[in-house]
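Chain order of the listed sequences is A and B.
The numbering used here puts the first residue of the first sequence at 1, with every later residue one more than the last.
The numbering used here puts the first residue of the second sequence at 1001, with every later residue one more than the last.
None of these hints come from the bench; they were simulated from the model.
You may find that some hints are simply not true.
Said to hold, decoys possible - Covered by chain B, per the in silico footprint, the following chain A stretches (three or more residues, Cβ under 8 Å):
id	stretch
1	17-24
2	82-92
3	132-143
4	213-221
We put the beta carbon where it would ideally sit given N, CA and C, even for glycine.
Each chain, letter by letter, is given below.
2 protein chains.
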Amino acid sequence: MSRPFDLPAYLAAEAAPVQAALERAMDWIAAGVLGDVAGAVRHGVLSDGKRLRPILCVTAYRACGGVPTAAAYDLSASLELVHAYSLMHDDLPCMDDAELRRGRPTTHKVHGEDVTTRAGAALIPAAALQAWRAAEALGCPPDVVRAVVARLLEAAGAGGMVGGQWLDLEGEGRALSPQALDEIHRRKTGALLAASLLVGATAARAPGATLEALERYGRAVGLAFQIADDILDATEGAETLGKNPSDAALAKSTYVALYGLGEARRLAQAQIAEALSALGASGLDAPALSALARFVVERKH
Amino acid sequence: MSRPFDLPAYLAAEAAPVQAALERAMDWIAAGVLGDVAGAVRHGVLSDGKRLRPILCVTAYRACGGVPTAAAYDLSASLELVHAYSLMHDDLPCMDDAELRRGRPTTHKVHGEDVTTRAGAALIPAAALQAWRAAEALGCPPDVVRAVVARLLEAAGAGGMVGGQWLDLEGEGRALSPQALDEIHRRKTGALLAASLLVGATAARAPGATLEALERYGRAVGLAFQIADDILDATEGAETLGKNPSDAALAKSTYVALYGLGEARRLAQAQIAEALSALGASGLDAPALSALARFVVERKH
Chain A
1 MSRPFDLPAY LAAEAAPVQA ALERAMDWIA AGVLGDVAGA VRHGVLSDGK
51 RLRPILCVTA YRACGGVPTA AAYDLSASLE LVHAYSLMHD DLPCMDDAEL
101 RRGRPTTHKV HGEDVTTRAG AALIPAAALQ AWRAAEALGC PPDVVRAVVA
151 RLLEAAGAGG MVGGQWLDLE GEGRALSPQA LDEIHRRKTG ALLAASLLVG
201 ATAARAPGAT LEALERYGRA VGLAFQIADD ILDATEGAET LGKNPSDAAL
251 AKSTYVALYG LGEARRLAQA QIAEALSALG ASGLDAPALS ALARFVVERK
301 H
Chain B
1001 MSRPFDLPAY LAAEAAPVQA ALERAMDWIA AGVLGDVAGA VRHGVLSDGK
1051 RLRPILCVTA YRACGGVPTA AAYDLSASLE LVHAYSLMHD DLPCMDDAEL
1101 RRGRPTTHKV HGEDVTTRAG AALIPAAALQ AWRAAEALGC PPDVVRAVVA
1151 RLLEAAGAGG MVGGQWLDLE GEGRALSPQA LDEIHRRKTG ALLAASLLVG
1201 ATAARAPGAT LEALERYGRA VGLAFQIADD ILDATEGAET LGKNPSDAAL
1251 AKSTYVALYG LGEARRLAQA QIAEALSALG ASGLDAPALS ALARFVVERK
1301 H
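Produce the entire structure from the sequences given, and follow the hints as far as they go.
What follows is the structure, given as structure tokens:
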């Protein structure tokens, strides 16, 4: 019998090089900026997040045969830059109007709405340049660099995250169908989680079939992640979450509202089963990815 | 004696293929988006603008030996996408809070603040992908494609436009030094105007010395453009401008406030002289660029 994979130890070991890569990214991004935009970028990026996207990126890179160097962590940081942009804009007064994020005041509460809008938008080109430089530093040939950066841009763009964000806004105040709710989260969370895996796997030059399996895995994990978020929002307070459980206040449709707690939990487990099945189909030996899939629905915040 | 260059005829001839390229861009960008974000993107991009940036791009491409095809206009459209994003965000309530732009209601007045913030941000990755595909369609080798897209991303990012936008916000309500005012506009307007020329020239594989001269030209024209804007704001009403002359209301430092009308006019002319000198140094035979430099200070809106 194999020993179970020690995910907490794995996450703890990955945290330091990811954080170091984010600090390096801040150095070059902040160097070109002035004053308060740089402060807002640092506030948004260097928070106490789970770093799920960079860790998925590096884990996929390793599972596909890559040996993670500093450049691989630099590549993974590009995903967190896009994620940070999306949170900074999500929290704005004209969006979710959130005051707390990861236990701290949101970026616009500290740096203002105008500066935060600018800083968030500035992270998009910065993330693309970050991925580009890192992929080149990893020795990727031009067509692989192109594929890596295009994945990131597509996930960050209108067909990916932004499409889902719009659907999310659109759905406030009215009941969504199960299909519409899936579509929101497939785009809003799933696109960037899948891109995290695909950026890592593409940089490690994984074959097409592996990329397809990882995309399936990523989209299922993304949906499970969002259902788990809805469950946490419904069952925990702001103190545990480190943020305001705001979806109910905004009358957003959630999986819990739509299906009830028990069925939402079953749906999350079904997505995890789908993720593990995709992982099996990939042929990758990646115990960290199996453990991460389970982690997203078992986490406490 | 050579016949003077007919700029109005040139601009009129360029308008149609630029507009067609923007429509093509909307087709693929809107195809990936849903509902109101697509509407906001179309509102922001397909306005009755001067299309100065795409025209500079195509003009530089032609001056450097390129023969403009549909792909060259597609490349030029990427600059207008970035410009449209910057205007959509500039006009937001948390920024300049503008109600009119080019004689029409601003995007957030029609589509709301949340959707406009999303749509503006979505244009950044879309612009990069647009430039990428167009440069490839033009047959640029990977290193040239890289240089083209990197120029665009750098101009759109924290070191370019966003840095200038921050300085601009920072300067509201207090007097700026002449140096600080130049720095704002060098970044806010100059970076994207220079990038427009450099994207076109790079795609046409211009040598380094030509790129340097065009960058000098672009930055001087950008500064002249901004001084001319301040002069127009000070001397024309909303009806002529098609927008609210808002800088005075926001107590922003302007060239007119800092130097007076006469001296501001002299400064603009000095920048045009610098632009023409740079053009001379470039060795390019580009009467359209000479005429465009003069046009930016002589325009009426």
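Consistency of the hints with the structure:
Coverage of the stretch 17-24 of chain A by chain B is violated [criterion: at least 3 residues with CB-CB distance below 8 Å; count 0]. Taking a C-beta to C-beta cut-off of 8 Å, the stretch 82-92 of chain A contributes 3 residues in contact with chain B, enough for the three needed, and the coverage statement holds. With a cut-off of 8 Å between beta carbons, the stretch 132-143 of chain A has 3 residues touching chain B; three or more are needed, and the interface restraint holds. Only residues whose C-beta sits within less than 8 Å of a C-beta in chain B count toward coverage, and the stretch 213-221 of chain A has 0 of them, not enough to reach three; the restraint is violated.
In the structure shown, a violation is registered for the earlier hints numbered 1 and 4, in ascending order.
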